[in-house]
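Just need the whole structure built from these sequences, with the hints factored in.
Position 207, counted from 1, in the sequence shown is what my numbering calls 211; the numbers after and before it change by one each time, with no gaps.
You may find that some hints are simply not true.
Said to hold, decoys possible - Derived BS3-like pairs (lysine-lysine); straight-line CA-CA distance at most 27 Å:
no. : residue 1 : residue 2
1   : K440      : K389
2   : K289      : K269
3   : K403      : K269
4   : K289      : K389
5   : K440      : K403
6   : K516      : K528
7   : K397      : K422
8   : K138      : K96
Bear in mind the hints are in silico, worked out from the structure with no lab data behind them.
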Amino acid sequence: MTLLQLNRHLDDTHAEVEPLEKDDITSWFRKRMLKAKTFQPVAVLNQKLKGLDVFEANDLPPPPSSSVTVSSSSPAPERDADFYVTRAHWQKSYGDDYCLDPSCRRPLGVVNGCVNCRKCGRLFCEEHTMYQIKLSRSAQHEPVRGYWSRVCETCYVSREGYNDHNGIVQDHSESFRAIRKRKVERACLEVTRLEKRLTKLTQLLTAPPSNGVANGEKAGLIKFPKPLASQRRALEQSVVAWEDDNAVTNCPYCEQTFSLFSQPKHHCRLCGKVVCGDPRTGCSKEIHLNVSPPLASEKLVGAGQDDLTLAVRICAPCQSTLFSKREFLQSLHSQPPTYVRAYITIVSFQTGIREQLPRFQRTVEGLQRRPDDRNAVVEAMRMKKRIVESLAKVDAVAKQIAGGKGGAGTGAEERLRKAVALATANWGQEVGMRVKGASTVLDRIVETARPTAAAEIAARLGKPAKVLPPTPKSKASVKVTVNGADWEGEDEMETEAERQRRETVVVLEEQKFLVLGMLEDAKKRRRFDEVEALGRSLEEIEDEIHKLGGGVVGV
Numbered sequence: 005m006t007l008l009q010l011n012r013h014l015d016d017t018h019a020e021v022e023p024l025e026k027d028d029i030t031s032w033f034r035k036r037m038l039k040a041k042t043f044q045p046v047a048v049l050n051q052k053l054k055g056l057d058v059f060e061a062n063d064l065p066p067p068p069s070s071s072v073t074v075s076s077s078s079p080a081p082e083r084d085a086d087f088y089v090t091r092a093h094w095q096k097s098y099g100d101d102y103c104l105d106p107s108c109r110r111p112l113g114v115v116n117g118c119v120n121c122r123k124c125g126r127l128f129c130e131e132h133t134m135y136q137i138k139l140s141r142s143a144q145h146e147p148v149r150g151y152w153s154r155v156c157e158t159c160y161v162s163r164e165g166y167n168d169h170n171g172i173v174q175d176h177s178e179s180f181r182a183i184r185k186r187k188v189e190r191a192c193l194e195v196t197r198l199e200k201r202l203t204k205l206t207q208l209l210t211a212p213p214s215n216g217v218a219n220g221e222k223a224g225l226i227k228f229p230k231p232l233a234s235q236r237r238a239l240e241q242s243v244v245a246w247e248d249d250n251a252v253t254n255c256p257y258c259e260q261t262f263s264l265f266s267q268p269k270h271h272c273r274l275c276g277k278v279v280c281g282d283p284r285t286g287c288s289k290e291i292h293l294n295v296s297p298p299l300a301s302e303k304l305v306g307a308g309q310d311d312l313t314l315a316v317r318i319c320a321p322c323q324s325t326l327f328s329k330r331e332f333l334q335s336l337h338s339q340p341p342t343y344v345r346a347y348i349t350i351v352s353f354q355t356g357i358r359e360q361l362p363r364f365q366r367t368v369e370g371l372q373r374r375p376d377d378r379n380a381v382v383e384a385m386r387m388k389k390r391i392v393e394s395l396a397k398v399d400a401v402a403k404q405i406a407g408g409k410g411g412a413g414t415g416a417e418e419r420l421r422k423a424v425a426l427a428t429a430n431w432g433q434e435v436g437m438r439v440k441g442a443s444t445v446l447d448r449i450v451e452t453a454r455p456t457a458a459a460e461i462a463a464r465l466g467k468p469a470k471v472l473p474p475t476p477k478s479k480a481s482v483k484v485t486v487n488g489a490d491w492e493g494e495d496e497m498e499t500e501a502e503r504q505r506r507e508t509v510v511v512l513e514e515q516k517f518l519v520l521g522m523l524e525d526a527k528k529r530r531r532f533d534e535v536e537a538l539g540r541s542l543e544e545i546e547d548e549i550h551k552l553g554g555g556v557v558g559v
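So this is what it looks like as structure tokens:
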């Protein structure tokens, strides 16, 4: 076959691959390449080779574009930050250097790396130069116009602003002051307006004009003698225009329907609104004012020359606007009510109980594992006593608050007192159950670990725990051993035993007397948990006295 025939055969038989099949092959190769790139060992190797990709890049701002776009053949290469920041202060490497970090001191080279800090210029390993700050051309910290540069940990933490605890702050105080100023000025204008109305009203009521009311369209209403009520009504209407009675059917504050007898209509003397006078809702009240009148001004109010008392009906919003600031200033210099001080006492006791109760429970749990620890038992009993006394004081103060001994108050104060008493009672029940559970376990531990009275007294006297009188068998043995001095030895033993018995009984009688006194005191103080424990102790002492043959004459 000639070369020409071979070429024809290739052109005819082995034609090129179809475009669709070619695309499939290309995509298959592309997928394989991507999979190879994402292979874990290769990715780790690429990351180690790149090294500096973990740092921030110095993205320089693009140059300003002109109106005419000129196509450039190749983009300008980006220069590294080291090109801009000076290197004059860098430490030279001599091959035997080591990392200057105080905690490292590893030799520098291919394995650990050898990097100059761009700020201080000293040599460090790769691990201790993994920090970046912005430096100026002279290698000084420049957070705004500087270049991201690689530095050591010391330069990183010692830069200005590193230890600042506050981030970016945007101060809105001025805008808040402006808004608050507008509201405060509006409120002050309202207070001033009501004060002027009240002052004018008190002046008119204490010193009414002789020829009538001289105030605009109301002038000339009082020209002839009239009854006192109508004359006062005209004076009050001259201060502020009253709202029409027929236009209002319900109170604007409590929504109660007005009626002629059960719910009459009233007018606020400062704003003129129609309100109810129900004392339960407090929509309006008669405020009693003590006014110092001028001379010869007692025509409307029959008071003395030194002082006049005026009753002016004011609605609740006007009262709050007019007197709230004054009441607040007075409250700063006045002591809180008695029930508030009592509640503060309750809170202090509750805080102490919350601190002591967990410790008491932990102590009891420890005694379950080590019941022979006498010091822990004594400490647990003291803690129990303190907690029970605190609970009793909390209960007494709560009853005092609920009983109203702190002074009479409004309906809201009464509801507050009852709510405080109820909440305190619920809390006391919850804590009391926890104390009772721990106390039951403690009493059981004390009951099992407590020694008998005879053993305790014998331990105090330094004697054996149990003293028994000599038996006839022992007497006989004495006779045989001592021979002629049998009865004399027996009398000496009986005398010694009787003396020990008398000493033991005397101590028991003293303890019985002390326990009786403590029992009576606990009954008076109504400490029933202590009464039960003292009763058991008294029974044990009496049993020991009975076993020893009764009391001693003269004790």
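Ascending list of hint numbers which this structure does not respect: 3, 4
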